[in-house]
Amino acid sequence: MFTRMIKLFTQEPLNHASLALDDQLFEVYSFGRKKIRNPFIGGFVKENIRSELFKQANCAIYCCTVTDEQYKKMRRKIRKMEMNKQKYKYNLIGLIGVLFKIEIERKNAYFCSQFVASVLTETGVVIMNKPIAFVKPNDLKEFPTFELVYEGKLDFYCFPEEITQPLMMKSI
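Going letter by letter, the sequence shown gives residues 129 to 300 in this note's numbering.
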């Protein structure tokens, strides 16, 4: 229901953003629901894109080239957040701010695209042309350094390759 409300508001086909640290999508992080059935309990999450929640999800997967230093900074930032995940909350009030074009910054609170934009900005991967508090998932695809890798059902991206090839973890 919560996802449908966001989709109705944005009028965009894709309404969630995550940051993956590997090309097999085992290390995928975002801000979202902590309990599948309750969209109001949210925060920093490591997403299991192979779960039932994502199985039939439509997605667009983008990649970009980062330096070793940028990658290490991203990894450090995310590890720090993961170690302190109880401190982080979902920025539902910030979403309301986007709706009314009011910049609402809250300490340790993000919505999904705000988190992705924050990490990419803080590590020097991208430079935002708007306040991070206003970045929507659809905005992220507009970066010239991002390249579309796949668009379609998420389970078609993940599972066929895993069945036919041994798992290999690689840095982006």
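These are calculated hints, taken from the structure and not from any lab test. Worth double-checking, as some hints may not be accurate.
[Claimed, not checked] In silico SDA-like cross-links for lysine to any residue, where the CA-CA straight-line distance does not exceed 20 Å: (1) LYS258 x ASN212; (2) LYS269 x HIS144; (3) LYS217 x CYS187; (4) LYS213 x LYS229; (5) LYS205 x VAL194; (6) LYS163 x GLU233; (7) LYS163 x LYS183; (8) LYS205 x PHE182; (9) LYS269 x LEU149; (10) LYS162 x PHE182; (11) LYS163 x ASN212; (12) LYS163 x ASP150; (13) LYS201 x LEU149; (14) LYS200 x PHE154; (15) LYS201 x LEU147; (16) LYS269 x LYS162; (17) LYS281 x CYS187; (18) LYS201 x HIS144; (19) LYS281 x PHE262; (20) LYS281 x LYS201; (21) LYS174 x TYR199; (22) LYS213 x GLU175; (23) LYS229 x MET256; (24) LYS205 x CYS187; (25) LYS258 x LYS281; (26) LYS217 x TYR199; (27) LYS205 x ASP150; (28) LYS183 x MET211; (29) LYS163 x ALA188; (30) LYS174 x ASN212.
Cross-check of the supplied hints:
no. : hint            : in the structure
1   : LYS258 x ASN212 : violated (28 Å)
2   : LYS269 x HIS144 : holds (12 Å)
3   : LYS217 x CYS187 : violated (24 Å)
4   : LYS213 x LYS229 : violated (28 Å)
5   : LYS205 x VAL194 : holds (15 Å)
6   : LYS163 x GLU233 : violated (24 Å)
7   : LYS163 x LYS183 : holds (16 Å)
8   : LYS205 x PHE182 : violated (25 Å)
9   : LYS269 x LEU149 : holds (17 Å)
10  : LYS162 x PHE182 : holds (14 Å)
11  : LYS163 x ASN212 : holds (18 Å)
12  : LYS163 x ASP150 : violated (24 Å)
13  : LYS201 x LEU149 : holds (11 Å)
14  : LYS200 x PHE154 : holds (17 Å)
15  : LYS201 x LEU147 : holds (13 Å)
16  : LYS269 x LYS162 : violated (26 Å)
17  : LYS281 x CYS187 : holds (6 Å)
18  : LYS201 x HIS144 : violated (23 Å)
19  : LYS281 x PHE262 : violated (27 Å)
20  : LYS281 x LYS201 : violated (31 Å)
21  : LYS174 x TYR199 : holds (17 Å)
22  : LYS213 x GLU175 : holds (13 Å)
23  : LYS229 x MET256 : holds (17 Å)
24  : LYS205 x CYS187 : violated (25 Å)
25  : LYS258 x LYS281 : violated (30 Å)
26  : LYS217 x TYR199 : violated (24 Å)
27  : LYS205 x ASP150 : holds (15 Å)
28  : LYS183 x MET211 : violated (27 Å)
29  : LYS163 x ALA188 : violated (24 Å)
30  : LYS174 x ASN212 : holds (13 Å)
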